[in-house]
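Undergrad: Here the protein sequences line up with chains A and B, keeping their order.
Okay, so the first sequence: first residue is 56 according to this note's numbering, each after it adds one.
Okay, so the second sequence: first residue is 56 according to this note's numbering, each after it adds one.
Since the list gives no way to pick out one identical chain from another, each pair is judged satisfied if it fits inside one copy or across any two copies.
DSS-like mimics (lysine-lysine), calculated; alpha carbons at most 30 Å apart, straight line: (1) K83 - K145; (2) K83 - K216; (3) K247 - K307; (4) K216 - K307; (5) K355 - K307; (6) K307 - K251; (7) K241 - K253.
Quick caveat, the hints were computed from the structure, so don't treat them as lab data.
If you're wondering where the values come from, they're calculated on a predicted model, not measured in any experiment.
Next come the chains, spelled out residue by residue.
There are 2 protein chains.
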Amino acid sequence: MRGNKPPKKPSKSGEDRLIERFFRPLAKHPAALGLMDDVALMTPPAGADLVLKTDAIIGGVHFFPDDAADAVAKKALRVNLSDLAAKGAKPAGFLLALALPQDIGEDWLADFARGLGADADSYGCPLLGGDTDLTPGPVTISIAAFGFVPHGAMVRRAGAKAGETVVATGSIGDAALGLLLRREPKRPVFAKLDGKAKAHLAERYLLPQPRLALASALREHASAAIDVSDGLVGDLMKLAAVSGVGAQIEVKRVPFSPAARMVLAAEPSLTETALTGGDDYEILATVPAERLASFQAAAKSAGVELTAIGRIEPSEGVEVLAEDGRPLALARTSFSHF
Amino acid sequence: MRGNKPPKKPSKSGEDRLIERFFRPLAKHPAALGLMDDVALMTPPAGADLVLKTDAIIGGVHFFPDDAADAVAKKALRVNLSDLAAKGAKPAGFLLALALPQDIGEDWLADFARGLGADADSYGCPLLGGDTDLTPGPVTISIAAFGFVPHGAMVRRAGAKAGETVVATGSIGDAALGLLLRREPKRPVFAKLDGKAKAHLAERYLLPQPRLALASALREHASAAIDVSDGLVGDLMKLAAVSGVGAQIEVKRVPFSPAARMVLAAEPSLTETALTGGDDYEILATVPAERLASFQAAAKSAGVELTAIGRIEPSEGVEVLAEDGRPLALARTSFSHF
Numbered sequence: 056m057r058g059n060k061p062p063k064k065p066s067k068s069g070e071d072r073l074i075e076r077f078f079r080p081l082a083k084h085p086a087a088l089g090l091m092d093d094v095a096l097m098t099p100p101a102g103a104d105l106v107l108k109t110d111a112i113i114g115g116v117h118f119f120p121d122d123a124a125d126a127v128a129k130k131a132l133r134v135n136l137s138d139l140a141a142k143g144a145k146p147a148g149f150l151l152a153l154a155l156p157q158d159i160g161e162d163w164l165a166d167f168a169r170g171l172g173a174d175a176d177s178y179g180c181p182l183l184g185g186d187t188d189l190t191p192g193p194v195t196i197s198i199a200a201f202g203f204v205p206h207g208a209m210v211r212r213a214g215a216k217a218g219e220t221v222v223a224t225g226s227i228g229d230a231a232l233g234l235l236l237r238r239e240p241k242r243p244v245f246a247k248l249d250g251k252a253k254a255h256l257a258e259r260y261l262l263p264q265p266r267l268a269l270a271s272a273l274r275e276h277a278s279a280a281i282d283v284s285d286g287l288v289g290d291l292m293k294l295a296a297v298s299g300v301g302a303q304i305e306v307k308r309v310p311f312s313p314a315a316r317m318v319l320a321a322e323p324s325l326t327e328t329a330l331t332g333g334d335d336y337e338i339l340a341t342v343p344a345e346r347l348a349s350f351q352a353a354a355k356s357a358g359v360e361l362t363a364i365g366r367i368e369p370s371e372g373v374e375v376l377a378e379d380g381r382p383l384a385l386a387r388t389s390f391s392h393f
Numbered sequence: 056m057r058g059n060k061p062p063k064k065p066s067k068s069g070e071d072r073l074i075e076r077f078f079r080p081l082a083k084h085p086a087a088l089g090l091m092d093d094v095a096l097m098t099p100p101a102g103a104d105l106v107l108k109t110d111a112i113i114g115g116v117h118f119f120p121d122d123a124a125d126a127v128a129k130k131a132l133r134v135n136l137s138d139l140a141a142k143g144a145k146p147a148g149f150l151l152a153l154a155l156p157q158d159i160g161e162d163w164l165a166d167f168a169r170g171l172g173a174d175a176d177s178y179g180c181p182l183l184g185g186d187t188d189l190t191p192g193p194v195t196i197s198i199a200a201f202g203f204v205p206h207g208a209m210v211r212r213a214g215a216k217a218g219e220t221v222v223a224t225g226s227i228g229d230a231a232l233g234l235l236l237r238r239e240p241k242r243p244v245f246a247k248l249d250g251k252a253k254a255h256l257a258e259r260y261l262l263p264q265p266r267l268a269l270a271s272a273l274r275e276h277a278s279a280a281i282d283v284s285d286g287l288v289g290d291l292m293k294l295a296a297v298s299g300v301g302a303q304i305e306v307k308r309v310p311f312s313p314a315a316r317m318v319l320a321a322e323p324s325l326t327e328t329a330l331t332g333g334d335d336y337e338i339l340a341t342v343p344a345e346r347l348a349s350f351q352a353a354a355k356s357a358g359v360e361l362t363a364i365g366r367i368e369p370s371e372g373v374e375v376l377a378e379d380g381r382p383l384a385l386a387r388t389s390f391s392h393f
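Working from the sequences, and respecting the hints, build out all of it.
TA: What follows is the structure in C-alpha cells.
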C-alpha cells in the first residue's frame with residue numbers, strides 16, 4: 056500500500072523482453088496471433104488429417120555444448136520435420152518449449168533465433184507459439200511440430216507387404232561416422248580422409264536434411280515408411296514388426312556417401328556403426344514392385360536420391376547380408392541414449 | 056562381421072522398455088497409433104479451429120524436487136489445459152517430451168504415469184505421442200496440448216470493451232501464498248492458520264484446477280479472456296493492453312479463499328503477493344453488461360465460481376483500488392522466473 060503512482064502498463068519481465076526481441080520477429084504467421092495470446096489458432100484445411108510430433112534435443116546429449124547455436128536450432132526443428140516428411144505430411148507450424156541456463160547470453164539467443172527463423176521460412180513451418188524458462192540444467196529444446204495430410208493418406212509404419220522393395224533416401228551412416236569423428240578426431244581411420252570428406256561427415260551429424268520434398272511421392276507410391284533416426288537396421292525392424300512381415304537388405308546396396316565408403320574400406324567393422332548408429336534422418340520406405348519405377352522417377356524430380364536396398368519377406372525378422380552375401384550379425388540394432 | 060545368429064526382432068532399448076511399461080498403457084486413443092508410429096494422427100472435427108499450446112515445467116524451478124510425482128505430472132498437463140479452458144477450447148490430446156535424470160527410478164516413473172493417466176482420463180485429453188530422453192539436468196516436462204473450438208469462436212485476449220465487467224473464476228492468490236508457505240513454513244503469519252487452511256494453500260500451489268467446465272460459457276458470453284498464470288494484475292494488464300483499453304479492479308471484490316483472507320488480515324502487505332504472484336490458473340474474462348447475469352448462471356451450473364472484480368475503462372492502464380478505495384501501487388505486477 057505504497058503511495059507511488061500505480062503502474063499503468065504491463066511491466067516487461069525478462070521473459071517478455073526475450074520473446075519480444077528474439078522470437079516475436081519469427082511469429083509472422085497469423086496463427087501465431089503475434090505471440091500475444093495464450094495459444095496458437097489455426098483453421099485446418101478442409102479434408103485434411105492432422106499429424107503431430109514432438110521431439111526434444113538436449114545440450115551434451117543430442118548436441119555438443121559448443122555447436123553453433125543456429126545449427127542447434129535447425130537440428131531441433133529438423134528432427135521433427137523429418138518425421139512429418141516420412142509420413143507424407145506437409146508442415147503447418149511448430150511450438151517451442153525452450154529451457155535456458157541463466158548464463159546463456161544474448162549472442163547465443165540471437166544466433167539460435169536466426170537459425171530457427173531461416174529454417175521456419177525455408178521449410179514453410181512457422182513458429183506459432185512457445186514457452187521459455189530458466190533451467191539449472193543444459194539447454195533443452197522441445198519442439199512440437201504439426202502438419203496436414205489429405206484425409207486417410209498418411210503413410211504409416213504398418214503396411215509393408217511381402218515382395219515389396221525396401222528403399223532408402225539420401226545416404227546412410229554419415230551422421231554416425233560424423234559423430235565418431237567429432238568424438239575421436241585422432242582415430243587412425245580419419246587420418247585417411249581429406250578436409251572435404253571430414254566436413255561432409257561432420258555436417259551430416261550437425262544438420263539433418265528432412266526429406267520433405269518427397270512427401271507427396273511417398274503418399275502416392277509407398278506402402279509404409281519410417282524416419283531413420285535410430286539406425287537403419289533398428290528402424291527397419293520396427294517397420295517390419297508392426298507390419299507383421301520381415302525384410303532382407305544387402306549392405307552392398309545401402310547408399311553410403313563417398314566419405315563413408317572411404318571410412319568403411321579402411322575400418323570395415325564400422326559398418327555396424329553406419330547401419331545402426333542413428334541420426335540419419337533419411338526415410339526408409341516400402342514400395343510395391345509395380346510402383347517402384349514411378350516412385351524413383353518422382354524422387355528424381357523432387358531432387359531426392361532414392362536407393363533400393365532390399366525386399367520385404369513374408370516371415371518376421373530382418374536379415375542384413377554383408378558384402379560377401381553372408382548374414383551379418385549386429386551387436387546392437389539401433390541407437391539409444393538409455 | 057561376426058558369426059552369431061542375426062537378430063530377428065527389434066531389440067528393445069531402455070527407452071522402448073520405459074515407453075512400453077509406463078506410457079503405452081496411457082495411449083489408448085486411436086490417434087496415438089499405439090505409440091507405434093512416428094507421429095500421432097487425428098481427423099479434426101468438421102468446422103472446428105485448432106488451438107495449440109505448449110508449456111514446460113522444470114524440477115527446482117516450477118516444482119519442488121520432492122513433490123509427489125503424480126502431482127508433478129498433473130501440474131504439467133493442467134498448466135496447458137488451463138490455457139485451452141481460457142480460450143473456450145475442448146481438449147483433444149497432448150504430446151509429452153520428457154527429459155529424465157539417469158537416477159530417476161521406476162517408482163517415480165510409475166507414479167508420474169499414474170497421475171498423468173488419471174488426468175488424461177478425467178479431462179478427456181489423451182496422451183497421443185511423446186519423446187523421452189536422459190538429461191544431466193533436472194526433470195523437464197514439456198507438454199504440447201491441443202484442442203478444438205467451433206470455427207471463429209475462440210475467446211481471445213483482445214476483445215475487451217469499455218464498460219464491460221471484469222470477472223475471475225475460483226480464488227486468487229492461494230497458490231502464491233501456498234508457495235510462500237512451502238518456502239517459509241515458519242513465517243509468523245502461517246502460525247495463525249489451522250492445518251486445513253495450510254493444506255488448502257499448499258494444494259492450490261501443487262495442483263492447478265483448469266476451468267474447462269467453463270469453456271462453452273466463455274465462448275457464449277465473454278468478449279475476452281486470459282488464463283491467470285503470472286499474476287492477476289499482470290495478466291489483466293496484458294488483456295487490457297492487447298484490447299486497447301484499461302481496467303479498474305477493487306481488491307475488496309477479488310475472490311480470496313478463507314485461508315488467504317486469514318493470511319492477508321494478519322500480514323496485509325502480502326496482498327501484493329496474492330495479486331501478482333501467479334500460479335492461480337484461474338480465468339480472467341470480460342463480459343458485456345447485458346451478458347453478465349447469463350454468464351453467472353452458466354458458470355453456476357458448470358460448478359465454477361465466478362466473481363465480478365472490476366470494469367473495463369476506455370483509457371489504457373490498469374488501476375487496482377485498495378480496500379480503502381485508494382489506488383494501490385505495486386512494486387511488480389506479475390511473476391517471472393527471469
